[in-house]
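Participant: The residues making up each chain are set out below.
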Amino acid sequence: EAGVAQSPRYKIIEKRQSVAFWCNPISGHATLYWYQQILGQGPKLLIQFQNNGVVDDSQLPKDRFSAERLKGVDSTLKIQPAKLEDSAVYLCASSLRLAGMYNEQFFGPGTRLTVL
Amino acid sequence: SQQGEEDPQALSIQEGENATMNCSYKTSINNLQWYRQNSGRGLVHLILIRSNEREKHSGRLRVTLDTSKKSSSLLITASRAADTASYFCATDAMDSSYKLIFGSGTRLLVRP
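Protein chains in written order, with the numbering used here: chain L, 1 to 116; chain H, 1001 to 1112.
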């Protein structure tokens, strides 16, 4: 079965520029997650979708970050404008149902963002 | 904020030895999961243990859970160089989102 796909794999931008990441989850997975992983730390959840509805976005910096999941399948995460502290790996994951209900999450390879 | 905290932060062992990593968390949970992350395969789910379980095995992995102490341990037996990776515990938030909260990880180096 195909895994979670993400693009691009790497992105280098200057501060105050905009950037967008794309994620295609495993077919049939209702729940999609975006995480931010700063070097040396564990992944931090930014936003969680159930189908095309937002379940949790409490840690999403909404003044600069936005995400959507149109039609309940693939998703995009946007940063506008980027700051130096946004340099991180952005991971997308999906699960069949809500992860806490004894579901494992399947992760994509991530997008490594460098903000100069 | 991070719910789970792994200990030690880094561990270096010889191939064939056992590796033990610990995770402590703060609030009640439904389940605790362990994930592995390396440069080759990204972040991969290893094992899930429910709050009413005390021990679980999967191949060379053994996970224990002590809800009274709010702690878990991951044991990798007969380690291999390919086990070199970062290991994270993740606990679920007992709210309607059931989101996972990851710890900061243990970096394991298995020397050949």
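These are calculated hints, taken from the structure and not from any lab test. Be aware that one or more of the hints could be misleading.
Simulated crosslink set (PhoX-like; lysine-lysine; CA at most 25 Å straight-line) [claimed, not checked]:
hint, chain 1, residue 1, chain 2, residue 2
1, L, Lys78, L, Lys62
2, H, Lys1026, H, Lys1070
3, H, Lys1026, L, Lys15
4, L, Lys44, H, Lys1070
5, L, Lys15, L, Lys71
6, H, Lys1026, H, Lys1069
Predicted, not measured: the structure shown is a model, and the values here were computed from it.
Participant: Confirm or reject each hint.
Facilitator: Here is how each hint holds up against the structure:
Our distance criterion of 25 Å between C-alpha atoms is met by L/Lys78 and L/Lys62, whose separation comes to about 10 Å. With a CA separation close to 7 Å, the supplied pair H/Lys1026 and H/Lys1070 stays within the 25 Å bound. Between H/Lys1026 and L/Lys15, the direct Cα distance comes to roughly 36 Å. Violation of the 25 Å bound is thereby established for this hinted pair. With a C-alpha separation of about 21 Å, the suggested pairing of L/Lys44 with H/Lys1070 holds against the 25 Å cut-off.
Straight-line distance between C-alpha atoms of L/Lys15 and L/Lys71 comes to about 31 Å, which puts the hinted pair past the 25 Å bound. Among the hinted pairs, H/Lys1026 with H/Lys1069 is consistent with the structure: their alpha-carbon atoms are about 9 Å apart, no more than 25 Å.
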